[in-house]
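*Asks:* Residue numbers (my numbering), protein chains in the order written: chain A, 1 to 251; chain B, 1001 to 1304; chain C, 2001 to 2290.
These aren't lab readings, by the way, just hints derived from the structure by calculation. In this text, all values refer to a predicted model and were calculated from it rather than measured experimentally. For glycine and all other residues, C-beta sits at the position ideal for the given N, C-alpha and C. Honestly, I wouldn't trust all of these hints.
Claimed, not checked - Cross-link-like lysine to any residue pairs, in silico, SDA-like; alpha carbons within 20 angstroms at most:
#, chain 1, residue 1, chain 2, residue 2
1, B, Lys1123, C, Thr2259
2, C, Lys2093, B, His1102
3, C, Lys2093, B, Lys1123
Said to hold, decoys possible - If you want the ones that stay clear, here's a sample from chain C, every Cβ over 10 angstroms from chain B, calculated:
#, residue
4, Phe2133
5, Ile2183
6, Arg2187
7, Met2190
8, Val2256
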Amino acid sequence: MAVVADELILETRGLSRRFGGLLAVNDVSLALRDGELRALIGPNGAGKTTLINLLSGLMPASGGQIRFGGEDITGWPAARRARAGIARTMQVTAICPTLTVLENVWLAAQRSFGRPSALASRAPQIGERARDCLRLAGILARADELAGSIGHGDQRLLEIAIALALRPRVLLLDEPTAGMSVKESWDIVERLREIRERERLTVLIVEHDMEIVMQLAERITVLHLGQTLAEGTPEEVARNADVQRVYLGGR
Amino acid sequence: MKSLVLLLALVLLPVGLGRFGRFFAAEIFTWALYAMGFNICFGMAGMLSFGHAAFFASGAYAATWSILYIVRDPWLALVAAMVVATALATLVGFFAVRVVSHSFVIITITFSLVLLLLAHSQKDITGGDDGLLFPPLSLVVGTGPSLATPLVSYYVALAVLAVVYVLLQRLSRSPLGLVFQAVRDSERRATLAGYDVQRYRWLAFVLSGSVAGLAGGVYAITHSQVNAQLFDITVSVDAVIWTLIGGAGSVLGPAVGAALVLAFTHLVSNWIVYTQIPVGILLILIVIFWPRGLSGMWRSWQTS
Amino acid sequence: MDLSTLVLFQVLNGLVWGLVIALIALGLALIFGIMEVINVAHGSLYMLGAVIGWYVFGATESFALAVLVAPATVGALSMAMERVVLRPIENEKVLTIIATTGVMLVIQHSVLATFGGAVQRVPSPISGAVRVFGVHYPLYRLTVAAISVMAIAALWVFLTRTRYGLWLRAVRQDGKMATALGIPVGRVYMLAVGLGGLLAGLGGVLAAPIVVVQYQMGFDILATVFIVVVIGGFGSLFGAAFTAVLLGVLEGLITVVATPTWARIASLAVMGAILLARPDGIFRRRAIAR
């Protein structure tokens, strides 16, 4: 799988993460091309969420390197990565419950307008951008409700809206459809498609639902016990003997 | 708007008050300012401090020293109060915001306690429990109305309170205010949205200490005296209690809480010598019968 | 007094004081560990123990009686506090701050109203000194140390060997599970708070002849005890006791070279530094109360 270096937006080289004696992520080298939609799959405990935590900066790496747009960001803290253009959603949603849905997104949207001022009022352009993101995520109707009072599914959509509001180059989605009904899940898939058409985004999505993965993904990386088991187009991965042995079609 | 009406009412109020009423109201304004400052740290940014007396008292002493050793100007005294309190908050805050919430509380208690011990031991510069006194100031150095007049103290305290209130209202609705509240609600979310949580906590703490110090400065110039008891933990606890009673969810809540408790204390003093007993009982009753406090009522102010 | 004697003397002082603080801190840690209550009234419970002890001793000339009556009374009062004030608001940390502040005000000012605000000096009930490691050391302080150690040991036995103790530990670990197991959680809460108050009261009556008795004496203790409990590792009983003794000895040592005030400041600074280095405390909470 030869990739041209200057097209790579996010890559890892020999990335690992150790917890005591356990290597949760073991020597993973991943390369995302600009604009690609990559799915990350693997059985439970394969290290998918850990990898996302490493990429987003919530966890420091035990070894290896992470490069973003050609720059080494391995030592960067999470907030800095978010500012630089790596956004992620959380599997267990992290939202501000006493703020409204709109305010949650506003928080991220105002980030790209420079340092938050203490005395200015909240600018209308930011509001427009925030609402736009809410519309893309499908929860504009809930804009003025308290984020703590909306349903679980809507909270996940809110996570997506917040991530979008950062104007990211790379979007890391950690199991966005977990715990959702089939209809809600496909709803999200449609939205993700629409979002990718609108914004030029590279997406790395951790997903268990193999139908969704096969539908959405351009390339798939399969993780097993912290290591890369296989990588390629959906067809290639589906044909891969190792994958079939270890991870038969998922749920 | 509601606030303008309130301000107008407060401006006109002294007409109906006697000397003591005006003096007492000035007291309330001073403590209300202190509580509002405390709430930047607590209600807005979500950090509970039991050491804000340190900033209030440092501000009061800085103002006093400025009057005694530099020039007898009340406005410079207020600036001195803010400068010193800000410096202290910057120093302490840098370390304090790096630790977990219960440890943060302890750091604030420890810091305040150290200052209290110093204030009592360094009697030659602080005057200890007897404190420091100075002749009442005039509004403009040497001339103008004297701050010994309750009416003058009233308007000075009200003016400072009003200005700070407007600024805090703007802050709570500003982008920065949003960041503070986000940090309070979810440190992780704020981080993932690209904000250095420690930096913003530090900033909130510094602002909070500043305003508390300013309140201390107002206290000094309106009382013409300060003493070491201003560093007591009771002063820190007061800020917490007033805020919790009046509601931490709005800018004005803590001020209302302070006003209510102080007014109640004064009212009760007509019949009972040991006023803190009924105050204590009141706190217990409020908690048992009205747990939401007044914060529910005042939340509507914040969203208007 | 030569240096080594002075050091020894101060270390002993620090040890004695540290043990007293340990008693009070254990009380606070018990209350916090079981109910997550930030007991702002804890210092006033200590004060109450001192005042009652002083009163009983003054009336009966019996130290033994004082040591029995004072903690028992404070313990009973604390149980009442739990039942009446804390029970309705168990899980709201914020409300417990207000509630216990209210209790503190009532206790403090009731004492003020009853006994006045003047500082009282309680005479040492046991006079004389004893040779300890070559130093003449006041017998009373040794008695205090002995009683403190016995009380801590008794607490340990209670928590590990009796049924109520077991229940208490169970509720500390997992309240819901405890209820499911049929443990009367309400009674356990009351017991824990009562025990916590008793320990504070005991600390008070023992400390009365050493410090001055005055209605505000609880404030200083309050801050110290809070610091000790958190640094010891919030909820860890062993941590609280250990840190208390550590603080006492540290302060004692520093008074060899500095005034008591500076010794306090220095030891507070050290505590603060420890906390910054280990924000969760020295001993994080163990699963089983020790």
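*Asks:* If a hint holds in the structure, say so; if it does not, say that too.
*Replies:* Verification of the hints:
| no. | hint | verdict |
| --- | --- | --- |
| 1 | Lys1123(B) / Thr2259(C) | holds (14 angstroms) |
| 2 | Lys2093(C) / His1102(B) | holds (12 angstroms) |
| 3 | Lys2093(C) / Lys1123(B) | violated (38 angstroms) |
| 4 | Phe2133 | holds (31 angstroms) |
| 5 | Ile2183 | holds (25 angstroms) |
| 6 | Arg2187 | holds (20 angstroms) |
| 7 | Met2190 | holds (17 angstroms) |
| 8 | Val2256 | holds (18 angstroms) |
Checked against the numbered hints above, the structure breaks only hint 3 and satisfies the rest.
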